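Participant: Given next are the chains, with one letter for each unit.
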Amino acid sequence: MKKLVKVAVPLIAISCTPASFAEIRLNGFASIHMSSLNSDNGGTPFSQYNEGTFSFKDESLFALQASSDLGDGLTATVQFVGEGKDDFAIDARWAYLSYTLNDTHTLSAGRFANPIFYQSEYEKVGFAHNYARLPKAVYAGFDFSTIEGVALDSNFYVGDYTLTTKLLYGNWDGSVFLSTTGQDEFFGLKNLLSARATLAGDGWNVFAGSFIAEMEGGTIDQNAIIGAAAPGIAAAQALGATQAQVDNFIDSVKWDGKDGIYSYLGFNVDRNRFIVDFEFASYGVKDSSDGWNDTWFFGVGYRLSDTLAVIVHTEENKQDGADTDFLDGVSNPVLFATGAAIKESLSFSEYEGTGVTMRYDFHPSATLKADYFMGESTRTDIGDYSIFSVGVDLVF
Amino acid sequence: MKKLLISLALLLSSTAQAGVAVIVHPSNASNLGQAEISRIFLGKMKSYPGGGPAVPINLAEGSGPRGEFEKAVLKKSASQIKAYWSKLVFTGKGTPPKEVANDAEVINLIKSNPNLIGYVSDTAVTGDVKVVATF
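So the protein sequences, as listed, match chains H and U. Under the numbering used here, read the first sequence as residues 1 to 396, first letter to last. Under the numbering used here, read the second sequence as residues 397 to 531, first letter to last.
Hints in this document: simulated from the structure, not taken from any laboratory. There could be a bad hint or two in this list.
Claimed, not checked - 30 Å max Cα-Cα, derived BS3-like pairs, lysine-lysine:
{"id": "1", "chain 1": "H", "residue 1": "57", "chain 2": "H", "residue 2": "286"}
{"id": "2", "chain 1": "U", "residue 1": "507", "chain 2": "U", "residue 2": "467"}
{"id": "3", "chain 1": "U", "residue 1": "489", "chain 2": "U", "residue 2": "472"}
{"id": "4", "chain 1": "U", "residue 1": "526", "chain 2": "U", "residue 2": "507"}
{"id": "5", "chain 1": "U", "residue 1": "483", "chain 2": "U", "residue 2": "440"}
{"id": "6", "chain 1": "U", "residue 1": "442", "chain 2": "U", "residue 2": "489"}
{"id": "7", "chain 1": "U", "residue 1": "489", "chain 2": "H", "residue 2": "190"}
{"id": "8", "chain 1": "U", "residue 1": "507", "chain 2": "U", "residue 2": "471"}
{"id": "9", "chain 1": "U", "residue 1": "467", "chain 2": "U", "residue 2": "494"}
{"id": "10", "chain 1": "H", "residue 1": "190", "chain 2": "U", "residue 2": "483"}
{"id": "11", "chain 1": "H", "residue 1": "57", "chain 2": "U", "residue 2": "483"}
{"id": "12", "chain 1": "H", "residue 1": "85", "chain 2": "U", "residue 2": "467"}
{"id": "13", "chain 1": "H", "residue 1": "318", "chain 2": "H", "residue 2": "286"}
{"id": "14", "chain 1": "U", "residue 1": "483", "chain 2": "U", "residue 2": "442"}
{"id": "15", "chain 1": "U", "residue 1": "483", "chain 2": "H", "residue 2": "85"}
What the hints assert, rightly or not - Among chain H residues calculated to face chain U with C-beta under 8 Å, some are:
{"id": "16", "residue": "67"}
{"id": "17", "residue": "337"}
{"id": "18", "residue": "395"}
On a predicted model such as this, the values are computed, not experimentally measured, just so you know. No residue lacks a Cβ here, since even glycine has one placed at the ideal position from N, Cα and C.
One chain only, chain H, in its complex shape (with noise of 0.2 Å):
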């Protein structure tokens, strides 16, 4: 209730403010879903669902959105999301200022977001994408789809096309759970560069972007890895491993100083009443313990009205968990043991599924989507899995 009252204090003064300041525009999108996860093992591979239970807030979130025109191509703009699955606490996710160049450029300062994927920017607006939920393989939900920093926005035409490109420099830490701790562990992504290109035309989009990052390895490299390896490192130095070899190991498994890589391309059509959605996304830390995630989705819909759409899709989500050329430099076979297990322990799970979702638009404003998605998860706590959705996505 604090949080609320600290955003609500602000929110209401800006409303107030004297005519003489810049005008104040509202906007919102809320999502208001009822949803329902059921696995044959009785775990989750999602950590906002509950299994089992028929939930309103696993999939449900409201958002508010305040941006000020304040002349001369500067715009300020921020936005408050409440999601569900933190019990609707109120997050400040964006906090930017926006500097319009010229009809090409414009250069963004503050909190945004970090476009990690096609969608990213706009994941949470249910309203503008086709699906219940977007795909979880491709949109696995990263907090570090948010960073600060500083970002380029350009806009060329190329003949009939648009090529709409994004530069951005930023910084990021925060936390991702682990569950071979069973807790949130804390990383940092610093001097992340990130380029995008998308190519548009009549009714359909190219794109690929990449990011790259220096690593701060944090509390996973403390509690996940060196932390996992200190039982290999003592059972090591007992047979006799010298404290070199121990502090090569080291340097070999952890995430600190090494290169996080992020890349992904599709395309899309939405054409003649037909949608084609493709997307595929490589990750991971280089030369390090992170085992590389390869991910996709495909999807197929056709719209039977303007207001009624179908989409079938299938994703998987699959990590190299034993590729050890990480360990190419660490000899004593102890140590290769255990750098081997922390990498098959850090590995997420695989997973592949095929869902259905439908969408239809009955208010100018808000669209009713039914989805059912069917999984299958290599975690043994899982197996196969089912998710079943229905709600509304609304923009005001």
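For this one, chain H is given, so just place chain U on it according to the hints.
Facilitator: Only chain U this time, still in chain H's reference frame:
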């Protein structure tokens, strides 16, 4: 019955012939085709090909000419357009055109501002504005 059939035929005939005229200020010499008009109304083009800011004016949601314009020029349904603008609004990349209630308001605004571009039912066009395209 005969009167009913004649009325129905006239209604269908007038519906089939009703079009949308894209209009600008009479001083605007820009040569605009469907692609340029679409880009302006989707926020992708902010200046006229000949120079000067291009500011689109929309009719209110649900008005007849708006639906025809969106289908014929923007090639999208009303809900697709709304979803499109939702992406831009909530990523800070654009705001939808200002909306007015009817054809007369569009014409009144455009005849007094050379930067504006709008559309009206082709039967509503007056000599105060210039038609650059019809659909």
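Participant: Would you list, in rising numerical order, the hints stated earlier that this structure does not obey?
Facilitator: Checked against the structure, the hints that fail are numbers 1, 12, 17, while the rest are satisfied.
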